[in-house]
Amino acid sequence: MTILLQTKGLSKRFGGLTALNNIDLALESCVILGLIGPNGAGKTTLFNCLTGVYPIDGGDIIFGNRSIRGLKSHVTTSLGIARTFQNIRLFGNMTALENILVGQHCRMKAGVWGAIAMNRSTLKEEKKAFGKADELLNFVGLNDQGDTLAKNLPYGDQRRLEIARALAVKPRLLLLDEPTAGMNPRETAELTGFIEQIRTELELSILLIEHDMRVVMGISDRVTVLDYGVKIAEGSPEEVRKNPKVIEAYLGRLGTMMGKRAVTA
Amino acid sequence: MSYLLNPQVIIDQIINGLTIGGIYALIALGYTLVYGILFMINFAHGEIFMFGSFGGFAALTYFVNSGFSDTHPGLSIVAAFLAAMVVSAILGALLERIAYRPLRNAPRLAPLISAIGASIFLQNVMMLIIKARMQVYPDIIQEEFLEFGWFSISYFQLFIISGSVLLMVGLYLFIQKTKTGKAMRAVAEDRDAASLMGIDVNRIILITFVIGSALAAAAGVMVGIYYTQIDHMMGFIPGIKAFTAAVLGGIGNVPGAMLGGYFLGLAEAFGVLFMPAEYKDVIAFGLLVLVLIFRPSGILGEVVSERA
Numbered sequence: 368m369t370i371l372l373q374t375k376g377l378s379k380r381f382g383g384l385t386a387l388n389n390i391d392l393a394l395e396s397c398v399i400l401g402l403i404g405p406n407g408a409g410k411t412t413l414f415n416c417l418t419g420v421y422p423i424d425g426g427d428i429i430f431g432n433r434s435i436r437g438l439k440s441h442v443t444t445s446l447g448i449a450r451t452f453q454n455i456r457l458f459g460n461m462t463a464l465e466n467i468l469v470g471q472h473c474r475m476k477a478g479v480w481g482a483i484a485m486n487r488s489t490l491k492e493e494k495k496a497f498g499k500a501d502e503l504l505n506f507v508g509l510n511d512q513g514d515t516l517a518k519n520l521p522y523g524d525q526r527r528l529e530i531a532r533a534l535a536v537k538p539r540l541l542l543l544d545e546p547t548a549g550m551n552p553r554e555t556a557e558l559t560g561f562i563e564q565i566r567t568e569l570e571l572s573i574l575l576i577e578h579d580m581r582v583v584m585g586i587s588d589r590v591t592v593l594d595y596g597v598k599i600a601e602g603s604p605e606e607v608r609k610n611p612k613v614i615e616a617y618l619g620r621l622g623t624m625m626g627k628r629a630v631t632a
Numbered sequence: 006m007s008y009l010l011n012p013q014v015i016i017d018q019i020i021n022g023l024t025i026g027g028i029y030a031l032i033a034l035g036y037t038l039v040y041g042i043l044f045m046i047n048f049a050h051g052e053i054f055m056f057g058s059f060g061g062f063a064a065l066t067y068f069v070n071s072g073f074s075d076t077h078p079g080l081s082i083v084a085a086f087l088a089a090m091v092v093s094a095i096l097g098a099l100l101e102r103i104a105y106r107p108l109r110n111a112p113r114l115a116p117l118i119s120a121i122g123a124s125i126f127l128q129n130v131m132m133l134i135i136k137a138r139m140q141v142y143p144d145i146i147q148e149e150f151l152e153f154g155w156f157s158i159s160y161f162q163l164f165i166i167s168g169s170v171l172l173m174v175g176l177y178l179f180i181q182k183t184k185t186g187k188a189m190r191a192v193a194e195d196r197d198a199a200s201l202m203g204i205d206v207n208r209i210i211l212i213t214f215v216i217g218s219a220l221a222a223a224a225g226v227m228v229g230i231y232y233t234q235i236d237h238m239m240g241f242i243p244g245i246k247a248f249t250a251a252v253l254g255g256i257g258n259v260p261g262a263m264l265g266g267y268f269l270g271l272a273e274a275f276g277v278l279f280m281p282a283e284y285k286d287v288i289a290f291g292l293l294v295l296v297l298i299f300r301p302s303g304i305l306g307e308v309v310s311e312r313a
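Which chain is which? The protein sequence lines are A and B, in order. All you need for our numbering is the position in the first sequence, starting with 1, plus 367. All you need for our numbering is the position in the second sequence, starting with 1, plus 5.
Derived from the structure by calculation, the hints contain no laboratory data. Where hints are given, some of them may not hold.
No farther apart than 25 Å at their CA atoms in a straight line, the calculated lysine-lysine pairs in the BS3-like style are these [to be verified]: (1) K518/A - K136/B; (2) K476/A - K182/B; (3) K491/A - K182/B; (4) K495/A - K182/B; (5) K499/A - K285/B; (6) K182/B - K494/A.
Where chain A lies over chain B, by a calculated footprint (3+ residues, C-beta under 8 Å) [as the list claims (entries may be wrong)]: (7) 127 to 136; (8) 183 to 190; (9) 193 to 199.
C-beta: ideal position from N, C-alpha, C; glycine also.
In isolation and in its complexed conformation, chain A is listed as follows (with noise of 0.2 Å):
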């Protein structure tokens, strides 16, 4: 399998805070890596460092075969990396199918321009874009919703919406940041199904951090940990499920002495 995405010693600091330290990642094409940590461990950083929102202190970062230490947000999207955040950041005042659109704008080439001109190419891509949309739509199961404002979607709603905006950038890797928080078991069963089903259909790579271990253990092909800006395990989740680090971090000491099962699944 080729390499889709490598970190090399990357690191970040905030003041004298060191936020991430000496990271060292790789995640193949078509796997879903699941990353995990106590609060404050720098997972939603590694995101912002990966995705151009904060410029790194350290290290590189390989997608694909080319560097994006340094690259504007815009820029990393368009190569291929999309996201969702953990509180969701919708453009709460557009309709679900114009957040689909805005997605989108990176794939389609019309400028100002061309909207002045409204020349055919103009007008067929943007035919061609909500054509797509509605696509995405379905995809999410969110069919009648398209013009819904996105702030008056139910709140599960709004999550697959999110997503449905980052696949339509078309990307090969897609952040996912926690993003069954705040729904009841039953959405999140759905929502766990859902993101295997993009993983195997759109073939694309999956970098998830999810709090609720069942969903992680359940769909990661690969789990790492972080705790205070460091990697502390990487493997399959169930390696990762016995690590005495991993329950150290989660449980404190007294946890790993008296031999409680920190991570159940």
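Position chain B against the provided structure of chain A, taking the given hints into account.
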């Protein structure tokens, strides 16, 4: 005050109000577009309007001197508008690039002061170019009236009213329907999320300045044609009044700026029926004070959200 009941006076004032209101609205859109995206008031916008007016002035003067306007009057007016819009668009883009972008992440007061500085700078640049005296706009449209039984409208007014409506409808469709328009709305709502959806935020901000400036330029040429005299200080009062209009409608809200512009224009037109015309400005700024006290979020009430 029996003349207040005269329908002819009422209709005349409505026409006057819509004419000047359309001009205010076009300028106000520039304030509101920029505020919607950057949460900053571009106080140099009045000077962009002034430069546009002079751009149109230069073009029209050239057409008149070369005799082109005698053979093609319509074409020269369109060309003058385009020239004005190009001048202002370039100026707006430069202003954003030089005076505002370096301060994008500075405290909110910094770009405001930079804007005021740019405003004074631009006034003085124009004064150096044209000297401190009035310039007379070449008249191309004949000052003639269309009679409709009990009221009449001048060609100027008809031209300004329809021109401003046309531009505003165009802008509205652009923002609602086109890819770039959607990107503008996305950036206005959440700049970072928009960037992560592959939108080049700097480019969109630049386009916003260019569009706002081009609209102000159109208003500048209209003012030149309507009032026939322009000078380097002409941007100040219309700039502040258009800002008032934008606040009236709800700053950051595009239909609000249009509504605010017409509202202010009509208020001034009817205000002069009750008091001497010199008090016209009092009406505008009195309204601004009242709105700020009683409805700070404006007529269309965009919820003012303080973002970190």
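These are the hints, each one checked on the structure:
no. : hint            : in the structure
1   : K518/A - K136/B : violated, 54 Å
2   : K476/A - K182/B : holds, 16 Å
3   : K491/A - K182/B : holds, 14 Å
4   : K495/A - K182/B : holds, 14 Å
5   : K499/A - K285/B : violated, 54 Å
6   : K182/B - K494/A : holds, 12 Å
7   : 127 to 136      : violated (count 0)
8   : 183 to 190      : holds (count 7)
9   : 193 to 199      : holds (count 5)
Consistency note: the structure conflicts with the earlier hints numbered 1, 5 and 7.
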